[in-house]
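Numbering-wise (our numbering), the sequence shown opens with residue 7 and increments by one.
Quick caveat, the hints were computed from the structure, so don't treat them as lab data.
Bear in mind the structure is a predicted one, so any value in this text is a computation, not a measurement.
Dumping the calculated SDA-like pairs for lysine to any residue here, alpha-carbon to alpha-carbon at most 20 Å:
| hint | residue 1 | residue 2 |
| --- | --- | --- |
| 1 | 201 | 138 |
| 2 | 65 | 245 |
| 3 | 169 | 190 |
| 4 | 479 | 451 |
| 5 | 161 | 200 |
| 6 | 68 | 245 |
| 7 | 487 | 474 |
| 8 | 169 | 226 |
| 9 | 457 | 445 |
| 10 | 487 | 448 |
| 11 | 454 | 351 |
| 12 | 479 | 490 |
Listed next, with one range per pair, are the computed distances between beta-carbon atoms:
| hint | residue 1 | residue 2 | range |
| --- | --- | --- | --- |
| 13 | 623 | 87 | 42 to 48 Å |
| 14 | 77 | 276 | 23 to 29 Å |
| 15 | 623 | 310 | 29 to 35 Å |
| 16 | 221 | 328 | 39 to 45 Å |
Note that CB positions come from ideal geometry on N, CA and C, so glycine has one too.
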Amino acid sequence: MFCKVFRLLFYQLFFIYFSCISSSFAKFDTPVHGYALHGSPKYPEDFKYFDYIEPSAPKGGKLIVHTPGATFDSLNPFILKGTPASGLFRLHQNDLLPAIAPVISESLLINSLDEPFTMYGLIAKTIEVPKTGQYVRFILRPEARFQDGSYISVKDVIFSFNKLISEGDPLYKAYFGDIDYVEQTGIQEVTFFFKNSGNSELPLIIGQMPILSESYWSQRDFSDNGLQGPLGSGPYRIKDFEPGRFIEYERIKNYWGKDLPVNIGRHNFDEIRFDYYRDETVAFEAFMSGEYDIRYENSARNWAVRYSGEKVLNEKILKESFKDNTPAGMQGFVFNTRKEIFSDLRVRQALSYAFDFSWTNKAIFYDQYKRTRSYFQNSELSASEIPKGFELKILEKYKNKLSLDLYNKEYNPPHVDENNSLRSNLLKSVSILKESGWIQNSSGYFEKNGKPFEFEILLRSPSFERIVAPFIKNLKKIGIKAQMRTVDSSQWINRIQAFDFDMIVFSWGQSLSPGNEQRNYWGSLAADQQGSRNFSGVKSPVVDELIEGLILAETRNELVAYAKAIDRVLQWGYYVIPNWYSPDTRVAFWNKFSYPPKIPLLGISISTWWFDIEKYEKFLGGEKSNK
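Using the sequences and the hints given, assemble the complete structure.
As C-alpha cells, then:
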C-alpha cells in the first residue's frame, strides 16, 4: 500500500537496517573505511563493489516512472515550505517512489542495502569514532566535487550542518539535536562533537546529512521554495521540468564518484523521468499503454485482476513480488489527540471496534493483506504475548503509570471472526463510549456537554474512499457522525504538517535499527513541532524515557527490548486504529530491464537495475518504448 510504498523510501534512502547481532557498539580511535553500529562492516577496506549489484551492468536507456499528485512548486527539498518535486533528497520523506530517486545531493556516508546498520565512505573517505564516543571525525575525499566543478571542502560540511539546523526543515534540527558543535580539525578533516556520549547512532546520523555548497547558497535565499534547481554533487542533475507534468534528470557522465566501490553497478540509467498523475485510474491505464515503465502496485484489486491481456500473457509486462524482510511499520487511522474529542484513551479504544478488517480484506483486498498489530510489524522488534525478560525489567518501573493490561494481556486490535461478530464489537464500542461520559440523544447520536460526536477523516487519494466509507457507516451505526474529505497532495501535506486534521490515514516506516527518529515519531517535544511525524500528538514521559533507552542501547538485545517496550506502550495507548500490511513488495514493469540476482536485505533497489537491449528487442521490438 499506501503503507508499502510509503515505507520503502525510508528503507532505502534514509534508514539503515540491523541484523540480530548482539555485540556492543564498536568504536575506533583510528580512521576506518566503514562503520557498523553493532559488530563490524561486512565489506573489507579493499572491497570492489557491493555483492548485491551487477558490476558489469551497462549504462544507458531511459526510465520513466509515475508519481501521484497534482504538481510540485519547489526544487528545494531541504526546507518545510512548498511541495518539492519527486526525486529530490529529503530527510525522512514519505516519497511515493522508493529506491528510484536520482541522487543529486550526496552525504558523507552511504549505506549498504545488505547489512544491518552499516555505512561506508562516500564524500568522506574515512570515519573515526573514539572509544569515549564523544565525537565523530571525517576525512573528506580530495576528489569529491560539486556539479559545477568546485571541490567539496570542510567549510561546505560545516555550512551544511549550521544551515540545515537553523533554516532547514525542522526535522533536521530534531534529528541532529544531540550534536553540540562542529569544527575543522585538519585540511580535509571535520569533527562533530556530541552533547553527551553514549548515543551510538550519532556518527551514522551525521553521515546521512546532505552536503550543500556554501558558495552556491551564499548567493541565494535558502528559505526560497522556488524552481531553481539545487547544486549537488551526485550522479544526476535536473535536465528539464514542468510543474504539474514532469521532472526529468540526466546522468552526469563525468560524475566524480562513478568509480568508487560503493557506486559500481549503480546509477545505470542515462535519464530518469517522473510523470505526475492526479488520477490513479488514469495512471494505471497510462502504464498499461506504455507511457511509463515501472509501477509499485499498492492496489490489491489492480494486482489481483487488472494486470491481464495480451501484454501480460506475452511477457511484455511482468509482475514480480519481492519478499520484504524489513519491518512493515504501522499504517492506521491516526487519531489527532490534540483534539479534545480524541484526548480520552477510552474513546480511541471504542472507535477501534468499528473497523472491520476481515470484511475489508475479503471484499476489497482479495485477501491479500494481513492485519497490522505492531509499530514494528514483521520483525523481531514487534511486541507480542506479554512482556518478559529484559523488556519486562524495563517496564517494571512504570507499573504505576501504565495500564495493568499491558503487563497481563497480549495486545490485539479488535477483530471480527467466528468468536467476535461486528455487532458484538459495535455494542462494546457503545458501552465504552458511555463509560467515558458520552450520552446518546433521542436520535441515537452521541454527544457530550451539548456537542455532537463528529469528526473528519482527511484523505489524499480518492482510492481510499472506498475503504473509509464502510468504516464511516459502522461509526454511524453506533451514533457517531464522521465524514471524509479528499484533498490534493499539496494541501494534504500542508495540513498534516500543521496538525490541521481530526483523523488521517498514515504509515510510519520503520527499520531494523530504530533510533533517534523515534523522537520525531513519538517524542513529547515533537508533538508541538509542526513538520514532525508525531501526528498522533503522543505526549508520554514513559515513551520519552523508553526512546532515550533505545537510543543509548549498547547491544542488539537491549535495542530489541526497548523497541518492544515502546511498541507495547504505543499499542495500549490506542493512538491509531491499525490497518494492514503485506510481507511482499509488488512491482509491475515493462520487460526491458534486468536486475541483479541477489535481492538485498532492504529489498529491491531500482538504482541497481539497468536497461536491457536484448530484452527490449525480444519482447518490445518495434513497439513504442522509452528506449
